[in-house]
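Enquirer: Model the full structure from these sequences, guided by the hints.
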Amino acid sequence: MNDRPREPEHTEPFRLVVVSGGTSDPSSTRMLADRIADRVRTLAADRGERVTTDVVDLRELANEITTALVSQLTGPKMTRVIELLGRADAIVAGAPVYKAAPSGLFSSFFHVLDNDLLIAKPVVLAATAGTARHALVVDDQMRSLFAYLRTMTVPTSVFAATEDWNSTELGERITRAAIEVLLLMESGFAEKVRSESWQHYQHEYGSAGGTELEIDLSTDLMRLATGGSAGPRRKQ
Amino acid sequence: MQFGVFSVSDITRDPVSGETPSEAERIEAIVKIAVKAEEVGLDVFAIGEHHNPPFFSSSPTTLLAHIAALTERLVLSTATTLITTNDPVRLAEEYAMLQHLAKGRMDLMLGRGNTAPVYPWFGQDIRQGLPLALEHYNLLHRLWREDVVDWEGEFRTPLQGFTSTPRPLDDVPPFVWHGSIRTPEIAEQAAFYGNGYFANHIFWPTSHSKRLIDFYRQRFEHYGHGTRKQAIVGVGGHAYIAKRSQDAVKEFRPYFDEAPVYGNGPSLEEFTRGTPLSVGSPQEVIDKTLTFHDAFGDYQRQMFLIDHAGMPLKMVLNQLDLLGEEVVPVLRKELASRRDPESAEAPTHASRVKAKYGDGPVRRPRPNANRGDNVTGASPYQDSDAAAEYPAL
Numbered sequence: 003m004n005d006r007p008r009e010p011e012h013t014e015p016f017r018l019v020v021v022s023g024g025t026s027d028p029s030s031t032r033m034l035a036d037r038i039a040d041r042v043r044t045l046a047a048d049r050g051e052r053v054t055t056d057v058v059d060l061r062e063l064a065n066e067i068t069t070a071l072v073s074q075l076t077g078p079k080m081t082r083v084i085e086l087l088g089r090a091d092a093i094v095a096g097a098p099v100y101k102a103a104p105s106g107l108f109s110s111f112f113h114v115l116d117n118d119l120l121i122a123k124p125v126v127l128a129a130t131a132g133t134a135r136h137a138l139v140v141d142d143q144m145r146s147l148f149a150y151l152r153t154m155t156v157p158t159s160v161f162a163a164t165e166d167w168n169s170t171e172l173g174e175r176i177t178r179a180a181i182e183v184l185l186l187m188e189s190g191f192a193e194k195v196r197s198e199s200w201q202h203y204q205h206e207y208g209s210a211g212g213t214e215l216e217i218d219l220s221t222d223l224m225r226l227a228t229g230g231s232a233g234p235r236r237k238q
Numbered sequence: 005m006q007f008g009v010f011s012v013s014d015i016t017r018d019p020v021s022g023e024t025p026s027e028a029e030r031i032e033a034i035v036k037i038a039v040k041a042e043e044v045g046l047d048v049f050a051i052g053e054h055h056n057p058p059f060f061s062s063s064p065t066t067l068l069a070h071i072a073a074l075t076e077r078l079v080l081s082t083a084t085t086l087i088t089t090n091d092p093v094r095l096a097e098e099y100a101m102l103q104h105l106a107k108g109r110m111d112l113m114l115g116r117g118n119t120a121p122v123y124p125w126f127g128q129d130i131r132q133g134l135p136l137a138l139e140h141y142n143l144l145h146r147l148w149r150e151d152v153v154d155w156e157g158e159f160r161t162p163l164q165g166f167t168s169t170p171r172p173l174d175d176v177p178p179f180v181w182h183g184s185i186r187t188p189e190i191a192e193q194a195a196f197y198g199n200g201y202f203a204n205h206i207f208w209p210t211s212h213s214k215r216l217i218d219f220y221r222q223r224f225e226h227y228g229h230g231t232r233k234q235a236i237v238g239v240g241g242h243a244y245i246a247k248r249s250q251d252a253v254k255e256f257r258p259y260f261d262e263a264p265v266y267g268n269g270p271s272l273e274e275f276t277r278g279t280p281l282s283v284g285s286p287q288e289v290i291d292k293t294l295t296f297h298d299a300f301g302d303y304q305r306q307m308f309l310i311d312h313a314g315m316p317l318k319m320v321l322n323q324l325d326l327l328g329e330e331v332v333p334v335l336r337k338e339l340a341s342r343r344d345p346e347s348a349e350a351p352t353h354a355s356r357v358k359a360k361y362g363d364g365p366v367r368r369p370r371p372n373a374n375r376g377d378n379v380t381g382a383s384p385y386q387d388s389d390a391a392a393e394y395p396a397l
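Here the protein sequences come in this chain order: A and B. Here the first sequence is numbered in the working numbering, starting from 3 and rising by one per residue. Here the second sequence is numbered in the working numbering, starting from 5 and rising by one per residue.
Hints are supplied without guarantee of correctness; some may be wrong.
With a cut-off of at most 16 Å between alpha-carbon atoms, the simulated EDC-like pairs for lysine to aspartate or glutamate come out as follows [stated by the list, open to error]:
no.: 1; chain 1: B; residue 1: Lys292; chain 2: B; residue 2: Glu273
no.: 2; chain 1: B; residue 1: Lys337; chain 2: B; residue 2: Glu349
no.: 3; chain 1: B; residue 1: Lys214; chain 2: A; residue 2: Glu216
no.: 4; chain 1: B; residue 1: Lys247; chain 2: B; residue 2: Asp325
no.: 5; chain 1: A; residue 1: Lys79; chain 2: B; residue 2: Glu274
no.: 6; chain 1: B; residue 1: Lys214; chain 2: A; residue 2: Glu214
no.: 7; chain 1: B; residue 1: Lys337; chain 2: B; residue 2: Asp363
no.: 8; chain 1: B; residue 1: Lys254; chain 2: B; residue 2: Glu273
no.: 9; chain 1: B; residue 1: Lys360; chain 2: B; residue 2: Asp174
It should be emphasised that the hints constitute simulated quantities derived from the structure, not laboratory data.
Expert: Spelled out as structure tokens, the structure:
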């Protein structure tokens, strides 16, 4: 294990945000996500680093998520969570599997986020289910959603069916995912992509949770807006 | 400061009575609403444009010309005119005609339209919506300012020696508002031309609308049309008024809950808290509307949506009474007292004629005689600069 300490200038703790789609209290999805976050914290502490964790239980946002799906309104809790995710250094995203898919609440939450909010952020994908037959939901369905959002999903997904809860192998998978996400945070990958390459991604005015407010006046469209030509015809 | 009402022209089932009005009833009702708007002392009536059910307003200039004939003072406008799927040549012609018939009591607001299937019905593609809107306006702008236009662009067949008729009344083009809620290019175009910028301040919080209004003001100044404070800003709003606050909430709730745009989503209370929607007593509506001025500064036009989601005519007319008698007079007084003398008045045809000619003679062009070829060439009017060139026999 690499025990190289973080660069001295990185004295700020890493900000890890846990997003749990579990609906009962306590929910097994939340328990799984917490275990991953705890492992990240422990591993970080061993390396002299600090991690702060914020937990978002989507259950508490259920009304605001459906409101955002059917209207343009972002409620006060959603607004806070979007701010939290915008500042996150990494995310643990956990969903319960319903009907062979991540829960609608979980998917809906990520559907209403701006496409550019999570660019390059490291994400651990986790899911729980009542049977091991759902094991591929994480890699088959959740991973593609997070690819669309252009997040940096870690190679190890963590899936727990009922029988996994007392298996040591689940603990091993949690450790692997935790190390992967910790290394990605340490590397500063997300921060570098976002600071050096942000303009190469598609944005809308006011996207990235209302933070994307730069207006580039030198584009073809801006030339067209000011009486000029749009340049060569765009592909139809 | 102008106050008015605008309608999207939806024909929606009344959730209280269960009745859906016929197109005929709704069209008759909208004329009554517009006439009433003038009676209660409002300044502006604007109608949307749609080309699919359940909307009736496919032909705004026909409707507005009819209303112009029934009114004396009301300014007729649109909310919005589709600058994407309409041919800018037809827009130039139709709205100039309306301007003549309304004796200048009109302007128009341009928008893109967000119904994807409408675009291909008119030979366009919604993915090109923004460049279409920008290019089409560039052409429309010239058609109203140059007697003879040669033009070539990406989206429309080229024009050679084209004259849009009739020329604008008094050779002063209709005033144009560019409507946009999140597209900086549209705000930039409004600023570049010194036109108005309209923020439909309905779905999003005030802070959202403020961003592009501020950007537009800054660019308006940049292009030398005046100071930021002199930029021409219009704001949309949505209100339901009753004498008593609790009656307003009770009466409006069924219409909110089943409204096509936000029904079945947020609660009325959440939406009122999070957006500019005002539902309450006249004083509550006045107070909330004044917060728009706090955020945006002096602006020139405030429009209210009051007739959507199946509200019956009687209810809408009652809203107009309350708006005209109890809300707008107070807002006029209050906003006048806060007004910075530097800020611009709302543009009207009369003020624009005055700005162009002062006390001098007004141009009303007379065409040259038809030469038998039905093409007027380079000098269609008797006062055109160049002498008419006749083709050699």
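Enquirer: Sort out which numbered hints this structure fails and list those numbers smallest first.
Expert: Number 7 only.
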